[in-house]
Amino acid sequence: MIMGAAKTNPGRFFEDYTVGETIHHAVPRSVGAGERALYHALYPARHALYSSDEFARSCGLKQSPLDDIAAFHVVFGKTVPDVSLNALANLGYAEGRWLKPVYAGDTIRSTSEVIGVKQNSNGKSGVVWVRTKGHNQRDEVVIDYVRWAMVRKRDLDAPAPEVVIPELKPALAAEDLVVPEGLRFDEYDFTLAGEAHRWGDYEIGETIDHVDGVTVEEAEHMMATRLWQNTAKVHFDVSSRPDGRRLIYGGHVISMARTLSFNGLANAQMVVGLNGGAHANPCFSGDTIRAWSEVLDKAETGVPGVGAIRLRLVATKGGAPFMLKGEDGKYLPDVMLDLDYWALMPM
Amino acid sequence: MIMGAAKTNPGRFFEDYTVGETIHHAVPRSVGAGERALYHALYPARHALYSSDEFARSCGLKQSPLDDIAAFHVVFGKTVPDVSLNALANLGYAEGRWLKPVYAGDTIRSTSEVIGVKQNSNGKSGVVWVRTKGHNQRDEVVIDYVRWAMVRKRDLDAPAPEVVIPELKPALAAEDLVVPEGLRFDEYDFTLAGEAHRWGDYEIGETIDHVDGVTVEEAEHMMATRLWQNTAKVHFDVSSRPDGRRLIYGGHVISMARTLSFNGLANAQMVVGLNGGAHANPCFSGDTIRAWSEVLDKAETGVPGVGAIRLRLVATKGGAPFMLKGEDGKYLPDVMLDLDYWALMPM
Amino acid sequence: MIMGAAKTNPGRFFEDYTVGETIHHAVPRSVGAGERALYHALYPARHALYSSDEFARSCGLKQSPLDDIAAFHVVFGKTVPDVSLNALANLGYAEGRWLKPVYAGDTIRSTSEVIGVKQNSNGKSGVVWVRTKGHNQRDEVVIDYVRWAMVRKRDLDAPAPEVVIPELKPALAAEDLVVPEGLRFDEYDFTLAGEAHRWGDYEIGETIDHVDGVTVEEAEHMMATRLWQNTAKVHFDVSSRPDGRRLIYGGHVISMARTLSFNGLANAQMVVGLNGGAHANPCFSGDTIRAWSEVLDKAETGVPGVGAIRLRLVATKGGAPFMLKGEDGKYLPDVMLDLDYWALMPM
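Residue numbers (the UniProt record's numbering), protein chains in the order written: chain W, 1 to 347; chain E, 1 to 347; chain C, 1 to 347.
Misleading hints may appear alongside valid ones.
One copy or two, it doesn't matter: identical chains are merged, so the pair holds either way.
Straight-line distance between alpha carbons at most 20 Å, and here's what the computed SDA-like set of lysine to any residue pairs gives [stated by the list, open to error]:
| no. | residue 1 | residue 2 |
| --- | --- | --- |
| 1 | K233 | D139 |
| 2 | K233 | A320 |
| 3 | K133 | L192 |
| 4 | K62 | G105 |
| 5 | K233 | G318 |
| 6 | K233 | S285 |
To be clear, the hints were calculated from the coordinates, so they are not data collected in a lab. No experiment lies behind these values; they were computed from the predicted model shown.
Based on the provided sequences and hints, a complete structural model is requested.
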């Protein structure tokens with residue numbers, strides 16, 4: 001018997017990353033009507049621009065794009081076999097921008113440039129920063145974001161690389177945001193969209209409890225995570241963690257929270273910027289996800305009638321809304337997600 | 001911290017309904033190949049006209065429409081945030097008609113006219129009747145039905161409105177039914193359809209046990225219910241009921257029973273009329289749904305070769321087939337659904 | 001009350017099969033973007049030719065076909081109401097060939113020719129061999145395979161038919177395989193495909209542990225099995241087996257194992273031949289499926305650059321990889337599937 005173990009992908013270890021290198025991630029993916037329907041089956045998605053082709057056309061787009069968070073999942077999923085297989089923790093996101101809507105029929109692939117490395121003092125692992133881009137079949141960049149993760153070393157004796165820590169913006173400025181070509185809200189139908197509140201109705205500092213909750217199931221999060229071709233085994237294999245539980249992909253919590261936020265933010269239609277995000281505590285099957293938002297900032301976009309709103313989106317599995325951190329500055333145990341993003345809204 | 005609770009939708013209460021008013025429900029929805037596939041994944045759907053575009057074309061349609069019950073769910077789902085959020089019970093349906101098939105690419109929105117109100121003697125709630133219409137992107141009405149529900153009052157001191165109780169037909173007559181334009185069964189292939197029984201082979205009073213059973217799961221009913229953008233929290237959130245169980249959307253039971261009825265009614269292809277329906281007892285995850293039917297009536301449609309058959313469709317979670325009510329006239333505890341509908345069949 | 005039990009399909013019994021007869025199976029099915037997305041949601045499917053329309057075009061096809069195993073499930077599912085309802089066991093497959101890719105918009109129907117019968121010595125059942133063909137809307141055969149099953153007799157006194165045992169090839173030869181028209185791998189992008197190993201890199205006798213595992217859920221296998229319109233009640237109804245467990249459709253295990261085999265066989269793109277297969281032990285919800293492969297043979301196809309590789313694909317629910325049978329020659333209890341197939345690979 002000839003063992004072919006060498007043919008399987010062991011993933012990259014810390015010492016396999018070189019600053020400046022570009023990783024071309026495998027398995028491009030065509031998306032379409034199926035992904036759209038599944039997104040509506042897996043999440044309580046109701047933002048009208050993604051639900052109705054007619055509504056999208058009334059906003060100047062050719063049809064409903066794939067939900068922006070779904071597009072992010074597709075781009076992210078491709079990076080997992082290269083970046084995450086030996087990751088100990090996903091530490092953060094920054095400078096995420098949605099540059100082009102993804103439409104049915106588009107084929108998405110991802111690349112990541114290594115932009116920072118820093119070995120940990122324990123010598124067993126290190127932090128790797130990558131700038132990931134999603135590209136469509138016309139080689140246009142559709143999404144661009146920075147992510148950093150703690151990655152194990154394979155060989156503890158491998159020398160520590162020169163420390164490179166990228167300078168990252170704590171938040172994108174309004175001028176960094178890209179409004180999709182043609183987008184306009186001058187014929188926006190607030191009745192069909194579901195709420196009357198426009199950009200001018202939100203105040204910085206305002207908080208919104210999105211009220212509804214969804215109890216999550218194993219079959220759902222696995223279907224969602226597979227749909228984005230995210231192969232991290234902790235999501236699928238009960239034997240991969242000592243507690244025998246499947247860890248739910250953090251992106252599942254993001255999608256659930258974002259879609260729940262419809263109730264109070266129905267007009268925060270398009271996600272265009274990701275300033276940062278923390279997966280504060282794990283999510284497991286049986287947890288009931290709730291969400292609340294806080295308005296962090298507001299800005300004009302330069303496109304008449306299209307405002308930008310910066311939101312903190314928090315997903316919890318219990319506890320009172322609007323509670324985030326304890327006196328020790330740490331996230332409360334019921335907080336699963338703290339996301340900071342920009343969305344576009346009719347002014 | 002500024003609380004934005006006022007931005008979320010509290011739903012309508014009994015005193016918010018005025019007879020004659022039309023409610024424009026939010027979030028239009030485009031449907032397509034994804035909804036079709038999901039319907040086949042969530043239910044044992046086999047009626048050939050909906051499974052095969054070629055079969056649909058041989059029946060004079062341009063392709064397979066979205067399953068009629070799925071189209072109903074889409075129209076119904078849009079009404080939930082306005083009509084059902086504070087409903088204590090969904091009491092009945094009447095005069096439901098399918099007027100146009102829904103095809104891939106169509107965008108559906110819903111409106112409801114308030115046609116009746118009657119405050120309950122306890123002063124805490126009342127019954128509201130609405131006539132709901134589903135419209136496609138050409139503003140054609142695709143579905144039209146009456147539904148009534150018991151709705152809570154927000155303000156117990158609000159005065160009781162003048163009682164208006166609409167006159168509703170106990171059942172649609174054959175001349176009320178609309179046969180889709182172009183439908184013909186003269187080249188109908190009974191072998192491909194799965195059964196040889198035609199309209200003439202069914203007798204009024206005949207009962208059919210559909211034999212098969214399906215044990216239902218939380219992930220399935222939640223995916224189905226979300227797919228139709230039905231947001232009623234009892235279906236999703238274990239904390240919304242004292243018993244900690246998620247109530248399964250009654251429409252999930254309708255779809256399961258209707259698709260199970262293929263076995264014995266494979267040629268009852270298109271659903272065109274809904275005479276009435278009762279969700280007799282709740283359905284929960286783990287229940288095994290079975291179905292039986294009774295032929296209530298038969299009629300000619302005026303279209304050569306196309307017969308109409310009026311069927312009682314009963315879904316149970318145990319017990320013997322053909323048992324419906326006890327000696328007290330109440331539904332037996334194992335009966336979950338008693339639906340009365342018209343379907344079209346080759347003569 | 002008039003009982004309509006005669007209207008439901010009781011399935012065929014052993015004495016209902018006559019050698020030479022062709023059964024036209026019911027319910028043709030159109031497939032499309034929804035089935036494709038669901039296949040990616042239900043299985044960790046990553047073979048690039050099925051994931052990316054652009055990749056498929058670079059290989060000479062017009063777009064990504066439906067996954068070959070999914071196409072097989074569609075063809076197989078149609079045969080279940082006729083062949084499997086009264087089957088006691090699915091005994092084997094042989095001479096399976098994929099003759100045409102199935103594309104979005106195609107409509108598939110199935111026929112089966114009875115090619116063998118042999119009553120068992122107990123007089124209560126017999127073995128039936130059928131050659132099943134899947135046809136598209138242009139009446140082209142897309143899949144062709146032989147399957148045999150043990151089927152109950154309805155009438156134990158029915159006379160035993162003349163024994164006919166078809167001669168079946170233990171394995172297809174390379175010249176039996178059909179390379180899809182236009183397929184070419186001369187511009188094959190190994191980076192996008194996910195692995196660098198080409199046909200020449202695999203040795204006969206080589207074994208590959210595919211490493212990853214997936215714990216399966218009731219909702220998933222039922223959705224998958226329904227999607228292929230496979231109605232065998234043991235998959236859906238907890239009351240259909242004495243142990244109250246739902247038996248998972250063997251095809252679900254095949255799809256899970258085949259998609260897991262991406263890790264090590266990412267370039268075994270198209271499945272073109274099925275030499276044989278055994279569902280060695282049942283699979284239930286909660287089992288964690290793993291897979292390993294063995295290279296059984298290699299051959300040239302006559303198409304420049306396109307090699308054929310014959311693989312044994314084994315799915316397990318525990319135990320060490322590469323263990324198949326005990327000293328008694330029987331499958332080990334953890335082995336669920338032993339499949340023997342041909343795939344096409346860039347040379």
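Cross-check of the supplied hints:
1. K233 with D139: The answer is neither: 30 Å in one copy and 43 Å across copies each exceed 20 Å.
2. K233 with A320: The answer is between: 18 Å across copies meets 20 Å, while 32 Å in one copy does not.
3. K133 with L192: This pair counts as between: shortest inter-copy Cα distance 15 Å, intra-copy 34 Å.
4. K62 with G105: The answer is both: 13 Å in one copy and 13 Å across copies each meet 20 Å.
5. K233 with G318: Result: close only across copies, 16 Å inter versus 27 Å intra.
6. K233 with S285: both (16 Å within a copy, 18 Å between copies)
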